[in-house]
Every structure is written in structure tokens, then in C-alpha cells.
Amino acid sequence: MKAAVIVFPGSNCDRDMKVAIEQSMGKSPDMVWHGDTELPETDLIAIPGGFSYGDYLRCGAIAGNSPIMREVVKKAANGTPVLAVCNGFQVATETGMLMGALLRNANQKFICKDVDLKVISQNERFVGAFEQGQTVRFPVAHHDGNFYADDESLKRLNGEGMIAFKYANSEGEVTDDTNINGSVENIAGIYNEAGNILGLMPHPERLISDQLGGTDGKTFFDNLINSLN
Amino acid sequence: MKARVTISLKNGVLDPQGKAIEHALHGLGFEGVNDVRQGKVIELDLGDLDKASAPAQVEKMCTQLLANTVIENYSIELLD
Numbered sequence: 001m002k003a004a005v006i007v008f009p010g011s012n013c014d015r016d017m018k019v020a021i022e023q024s025m026g027k028s029p030d031m032v033w034h035g036d037t038e039l040p041e042t043d044l045i046a047i048p049g050g051f052s053y054g055d056y057l058r059c060g061a062i063a064g065n066s067p068i069m070r071e072v073v074k075k076a077a078n079g080t081p082v083l084a085v086c087n088g089f090q091v092a093t094e095t096g097m098l099m100g101a102l103l104r105n106a107n108q109k110f111i112c113k114d115v116d117l118k119v120i121s122q123n124e125r126f127v128g129a130f131e132q133g134q135t136v137r138f139p140v141a142h143h144d145g146n147f148y149a150d151d152e153s154l155k156r157l158n159g160e161g162m163i164a165f166k167y168a169n170s171e172g173e174v175t176d177d178t179n180i181n182g183s184v185e186n187i188a189g190i191y192n193e194a195g196n197i198l199g200l201m202p203h204p205e206r207l208i209s210d211q212l213g214g215t216d217g218k219t220f221f222d223n224l225i226n227s228l229n
Numbered sequence: 230m231k232a233r234v235t236i237s238l239k240n241g242v243l244d245p246q247g248k249a250i251e252h253a254l255h256g257l258g259f260e261g262v263n264d265v266r267q268g269k270v271i272e273l274d275l276g277d278l279d280k281a282s283a284p285a286q287v288e289k290m291c292t293q294l295l296a297n298t299v300i301e302n303y304s305i306e307l308l309d
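Heads up: the sequence lines are chains G and X, in that order. Going letter by letter, the first sequence gives residues 1 to 229 in our numbering. Going letter by letter, the second sequence gives residues 230 to 309 in our numbering.
Source of the hints: derived by calculation from the structure; they are not laboratory data. Treat the hints loosely; a few may be bogus.
Using 30 Å as the maximum straight-line C-alpha spacing, the simulated DSS-like pairs for lysine-lysine come out as follows [as the list claims (entries may be wrong)]:
| # | chain 1 | residue 1 | chain 2 | residue 2 |
| --- | --- | --- | --- | --- |
| 1 | X | K280 | G | K113 |
| 2 | G | K75 | G | K18 |
| 3 | X | K248 | G | K155 |
| 4 | G | K75 | G | K27 |
| 5 | X | K289 | G | K75 |
| 6 | G | K75 | G | K155 |
| 7 | G | K155 | X | K239 |
| 8 | G | K109 | G | K2 |
| 9 | X | K280 | X | K231 |
| 10 | X | K269 | X | K248 |
| 11 | G | K155 | G | K2 |
| 12 | G | K109 | X | K269 |
| 13 | X | K289 | G | K74 |
| 14 | X | K248 | G | K109 |
| 15 | G | K218 | G | K75 |
| 16 | G | K218 | G | K18 |
| 17 | X | K239 | G | K109 |
| 18 | G | K113 | G | K75 |
| 19 | G | K113 | G | K74 |
| 20 | X | K239 | X | K289 |
| 21 | G | K2 | G | K218 |
| 22 | G | K27 | G | K2 |
| 23 | X | K269 | X | K239 |
| 24 | X | K248 | X | K280 |
Using the sequences plus the hints, can you model the full thing?
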């Protein structure tokens, strides 16, 4: 299989994403520059985290309008799997590939720590390695991770099984206390209607070995790559 | 021809920066402040663009890039 990682000016997690995919896939993904107008043939597109274009105007707004994203949106609409992490999640909402928007964290603070997430809706491709209801631990590092969706969108997200992860405690309890950034209903990650796009604020690519403090991210990427092979 | 676009978060969307400003104003003793919403102003120099086509052009800029209509409102002011 082949994978592509989109590279924007300012992003700081594109290499982490490359390493995570490389470890699970056994070869390097294509690194695709934001100014390109064509995507190489690929089975997976990853939109990495990290302050594309300095987050000027709004997080993900300028990246969402970059030339390569027109191609990404097209491919995604045709069913190519897309993994959008952190700033990538913001980019995906800005393009309309995913519902909602990401606001400034409710407590105004930049949050950088490992958090527990409850797996809400099963999606073999993205969370097949985990049981529904189980908790996984991924790191977060964001200032604008406060997920917002209006009532109508929330209804659809809930009704159509489009919520992927919620901020929880290690027992899998989802409470106000475990809501690190003020996200509506503790939502940390969502799918699109077709289930081929996952956007999430936490960074699975940052927890792929014991030296980094955990391997839940490795499990996540191994499953994703295996399911696409 | 110039245009000024004012962008603010929609009512009901949490504005943590506005809240921080509100708290700071209360801290300074301005008790009469009930709520603060903050936003941004973007000024555009549109060169020789004619007055007739400017509103539609700026509107397009707002919906495509300048504002995220999921969470933000915008207003456009055309200046000579």
C-alpha cells in the first residue's frame, strides 16, 4: 500500500506522522507539498498537526484553502481514507470534510499532556484494534481543541455513529472533569458520514514506542495500515 | 476602494478571550460590563475594483476564507 502526508509551511508534526506510518507500513509515505496540485496514487492521506501557516486568520483556514487540499477533498469524497490529526482536524473542518469547528480551549490554556479517550463508535478501519467503550491513551498538544457543533450537527454525529473518541478518565467515565478543553459532549474525534475520514485532536503518532511513553499509537497505526493492505 | 470586514463569534458560541477581557475589566473596577465578545477587523485595499462588483467580491472572500460561518458572523463595510 501507499500513503501520503501533506506538508504545510509551519507544521511541526508532519515528520512524526511520517515516522509513525513508516514504522507500521515498512516504507516511507510520500511527503506532498501544500502547493502541489496533484496527489500521488495513495491508499491513505494523512493531514498532520502543527500550526500550518502559523495558524494566521484561524487555525487551519489558510491550509484548508491551499492548492493540494482541493485534491484531498476530491479524493476523500471518492472514498480515500483520510487521517486528520490536531491541526489536520482543524483543516478538515475548515474544508467541510468534517462537521463542526474547533474553538479556543475554554480555559484559555495551551494543553500538552497524555489523556485518556473512550472509544465511542466502532469503525474497523480506524479503531478496529480497540473495543468499543475501551479507553486508549494518546497525547494532546493544542490551544484550539474545543470542538463545537450546533445542535443539528450534534444530533447527526450521535445518531449516525460519527463520534470516534471522547475525553474520559482511565475507567472510561466521561465527565465534566475529564473535558480538558470545553469540547461539546467531551468530543475528541469524529468521522465523516461515510466513515472514511477520522479527525481527532489527540496525537496517536506521538505514542508509538515505549521510549516515547506508550504504544497505543503504534497499535492504532498498525491496525490502520493492516486494514488498508 | 477599500473594505472593512468585521468578524465575530456567533451568539451562543463560547468566547474564552472575551471572557478573559471581561474579567480583566471587572478587575479594574468597571462593574457595568455585562458581557464582552471579541473579534477581528480585516481591512482590504481593493485598488481599482469598481463599486458595483465590490460587495459580491468581498462577500465571496468572507464565505470562502475570511470567516468560518459555522462559528462566526461577518459584516462588510465599503469605504471610498
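Here's how the hints hold up against the structure:
no., hint, verdict
1, X:K280 / G:K113, "violated (52 Å)"
2, G:K75 / G:K18, "holds (20 Å)"
3, X:K248 / G:K155, "holds (28 Å)"
4, G:K75 / G:K27, "holds (22 Å)"
5, X:K289 / G:K75, "holds (25 Å)"
6, G:K75 / G:K155, "holds (27 Å)"
7, G:K155 / X:K239, "holds (20 Å)"
8, G:K109 / G:K2, "violated (38 Å)"
9, X:K280 / X:K231, "holds (10 Å)"
10, X:K269 / X:K248, "holds (16 Å)"
11, G:K155 / G:K2, "violated (35 Å)"
12, G:K109 / X:K269, "holds (20 Å)"
13, X:K289 / G:K74, "holds (21 Å)"
14, X:K248 / G:K109, "holds (13 Å)"
15, G:K218 / G:K75, "holds (26 Å)"
16, G:K218 / G:K18, "holds (13 Å)"
17, X:K239 / G:K109, "holds (22 Å)"
18, G:K113 / G:K75, "violated (33 Å)"
19, G:K113 / G:K74, "violated (34 Å)"
20, X:K239 / X:K289, "holds (19 Å)"
21, G:K2 / G:K218, "holds (18 Å)"
22, G:K27 / G:K2, "holds (9 Å)"
23, X:K269 / X:K239, "holds (13 Å)"
24, X:K248 / X:K280, "violated (38 Å)"
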